[in-house]
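Student: Given next are the chains, with one letter for each unit.
Number of protein chains: 2
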Amino acid sequence: MSTGPIFDRVALIGFGLIGGSIARAARLQGLAGEIITTARSAKTRERVMELGIVDRVVETNVEAVQDADLVILCIPVGACGPVAAEITGHLKPGAIISDVGSVKASVVKDMAPHLPAGVHFVPAHPVAGTENSGPDSGFAELFINRWCILTPPEGTEAKATEKLRAFWTALGAKVEVMTPEHHDLVLAITSHLPHLIAYTIVGTADELAQVTSSEVIKFSAGGFRDFTRIAASDPTMWRDIFLANKDAVLEMLGTFNEDLSKLTRAIRRGDGEALLEHFTRTRAIRRGIVEIGQDSAAPDFGRPHQQLTKK
Amino acid sequence: MSTGPIFDRVALIGFGLIGGSIARAARLQGLAGEIITTARSAKTRERVMELGIVDRVVETNVEAVQDADLVILCIPVGACGPVAAEITGHLKPGAIISDVGSVKASVVKDMAPHLPAGVHFVPAHPVAGTENSGPDSGFAELFINRWCILTPPEGTEAKATEKLRAFWTALGAKVEVMTPEHHDLVLAITSHLPHLIAYTIVGTADELAQVTSSEVIKFSAGGFRDFTRIAASDPTMWRDIFLANKDAVLEMLGTFNEDLSKLTRAIRRGDGEALLEHFTRTRAIRRGIVEIGQDSAAPDFGRPHQQLTKK
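Quick mapping for you: the protein sequence lines, in order, are chains A and B. In case it helps, numbering that gives the first Met the number 0 puts the first sequence at residues 0 to 310. In case it helps, numbering that gives the first Met the number 0 puts the second sequence at residues 0 to 310.
Keep in mind that the hints are not guaranteed to be accurate.
[Claimed, not checked] If you only want the chain B side, here are some residues facing chain A, beta carbon under 7 Å, derived:
| id | residue |
| --- | --- |
| 1 | Asp-135 |
| 2 | Val-185 |
| 3 | Val-210 |
| 4 | Thr-254 |
| 5 | Leu-259 |
| 6 | Gly-287 |
[Unchecked claim] Dumping the calculated EDC-like pairs for lysine to aspartate or glutamate here, alpha-carbon to alpha-carbon at most 20 Å:
| id | chain 1 | residue 1 | chain 2 | residue 2 |
| --- | --- | --- | --- | --- |
| 7 | B | Lys-158 | B | Glu-272 |
| 8 | B | Lys-261 | A | Asp-7 |
| 9 | A | Lys-245 | B | Glu-272 |
| 10 | B | Lys-158 | B | Asp-270 |
| 11 | B | Lys-91 | B | Glu-161 |
| 12 | A | Lys-261 | B | Glu-257 |
| 13 | B | Lys-245 | A | Glu-272 |
| 14 | B | Lys-217 | A | Asp-205 |
Keep in mind the hints are simulated off the structure, nothing from the lab. In this text, all values refer to a predicted model and were calculated from it rather than measured experimentally. We put the CB at the ideal spot given by N, CA and C, even for glycine.
In isolation and in its complexed conformation, chain A is listed as follows (with noise of 0.2 Å):
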């Protein structure tokens, strides 16, 4: 789709999972005419300048954004408000400066007030990851397919926008425009209850008496183990995108909650009819998912079997 360079450089403040495979996939498909990165440890610099990924790797966040087009702050959303302040001196007028984080209004918040007059500040969200992170854990295909949604404050340039939604676009991504605060209600029912539940769930596991780890660990293929692969996502992130969407995550609980209470008591009074209905009506949801293709219908989720040949 892209016919060249979208961005003359373009700076990458942090480079795990999400860094690392916007820089990959925005090499291969040329759309910045060079990749700076930077990130926070000294063994991850290292890393990233022998992968041979980027142009240039620099040690500080204010050489990083020096002269670049598009600034992206690829790091927990918790650091996003004193990177603000530490760069806000250092912006190239004209340039595009965004964000990674899973919250947005939030850091919406601890942005907006660092940033000068004269750059434009669209946040994004890209909604893809694996359980994985540092900076070997990107790839390029990450974001084929996955809603990126951007959440311009208001008074943003729609060119901006616009420049950013076709750069998120030749990185494969669907791109979505809707207001920092919508994001976080319908991120807290897609991604962040769901986490919340999983780290829950796969403690309580870790704690039991009558059941020891090691079986909790070999009979997993009965439900557990999906639970346990977004129970394994960064911890540092997922503080602080619980801390950044208290309210949402809060309010999305009470639902939740309630409705657990509702199934309990009918598994308590033996009531197979509710039971029934309930677990009837959810498989919809499912089959709209996957007809979207936003997950796969292979058996076993597509994971690979080994085959079982004739004897």
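Place chain B on chain A using the hints.
Tutor: Here is chain B on its own, set in the frame of chain A:
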């Protein structure tokens, strides 16, 4: 591994995901001289005949078990008692009677009183599955590298248990023997509670006023979709499981609720340290599951990605 049929005639009562997978794998491995099956609906029986996987499809359970050396009930656990009562007078002396139910104590309680002396009752639970059901959903590789738990009641002849172990091993499974009661506790945490939670959260998402169903479906890649798979499992089967394993499920649910309250309180109070500590601990369990081959460590769960080609 097998060097010929383990049983002369195998009868499968029910031909859904599990029954159909047993038939396919047993035929591929040559584990049965003859495979007979039946299914409750005429439509399923017709489809099984078309598939041509078994030697004979019969109309009644009584006909199916005639002269069978191994009879496996591949039906929802709630139906096991009535079917045992139906077939009891027609079992071959010395036959092994088994099932594939996800709950074991209640199946033993429901079936054992009906079974005549001279047959061997060895309940089984293959811990494997997908969210699909019906005669077309099975596949021969379903049990490879998955555990199958045998729960022979006290007094069962060891020879019968070993013969069924050999059968499941030849289907590709790893076999473990435990009491029905311990099985039910282990599965309550590794399978039943995860399903209940998944059914709940998918229902919650479906009812929200602030976020539309179409938004939930679109942005499900953030974690939600992992829950929808197990919440799309067969409703009748799962109704029966929760009714049959009520006590163990309610016990695990109590512990889960306490843990969820703790995490909720940490979020409400902004206690980042408590969250980080919990999220770090849960990563270890995931590593254990991947290490012993019960899940894929491939990015994004092994879901296939399209290629991003250089433009």
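Student: Check the hint pairing Lys-245(A) with Glu-272(B) against an upper bound of 20 Å on the C-alpha distance.
Tutor: Distance of about 15 Å is within 20 Å: holds.
Student: Run the distance test for Lys-261(A) versus Glu-257(B): straight-line Cα separation, threshold 20 Å.
Tutor: Satisfied, since the Cα-Cα distance of roughly 17 Å is no more than 20 Å.
Student: Checking hints one by one. Is Val-210(B) an interface residue toward chain A, by the C-beta closer than 7 Å rule?
Tutor: Since the shortest Cβ distance to chain A is 5 Å, the answer is holds.
Student: Are the Cα atoms of Lys-158(B) and Asp-270(B) separated by 20 Å or less?
Tutor: 57 Å, violated
Student: Has the given pair, Lys-158(B) with Glu-272(B), been kept, meaning a C-alpha gap of at most 20 Å?
Tutor: 55 Å, violated
Student: Please work out if Lys-245(B) and Glu-272(A) have their alpha carbons no farther apart than 20 Å.
Tutor: Roughly 15 Å separates the two Cα atoms, so the pair holds.
Student: Going by Cβ atoms only, is Thr-254(B) closer than 7 Å to chain A?
Tutor: This hint holds: Thr-254(B) lies near chain A, its Cβ roughly 5 Å from the closest one there, short of 7 Å.
Student: Quickly compare the C-alpha distance for Lys-217(B) and Asp-205(A) to 20 Å and report which way the hint goes.
Tutor: 33 Å, violated
Student: Against chain A, with CB atoms and a cut of 7 Å, does the hint on Val-185(B) hold up?
Tutor: At 5 Å from the nearest chain A Cβ, Val-185(B) passes the 7 Å test, so the hint holds.
Student: Min Cβ distance, Leu-259(B) to chain A: is it shorter than 7 Å?
Tutor: 5 Å, holds
Student: Closer than 7 Å between Cβ atoms is the bar; does Asp-135(B) clear it against chain A? Give me holds or violated.
Tutor: 11 Å, violated
Student: Are the Cα positions of Lys-261(B) and Asp-7(A) separated by 20 Å at most?
Tutor: 49 Å, violated
Of the numbered hints stated above, those contradicted by the structure are hints 1, 7, 8, 10 and 14, listed in ascending order.
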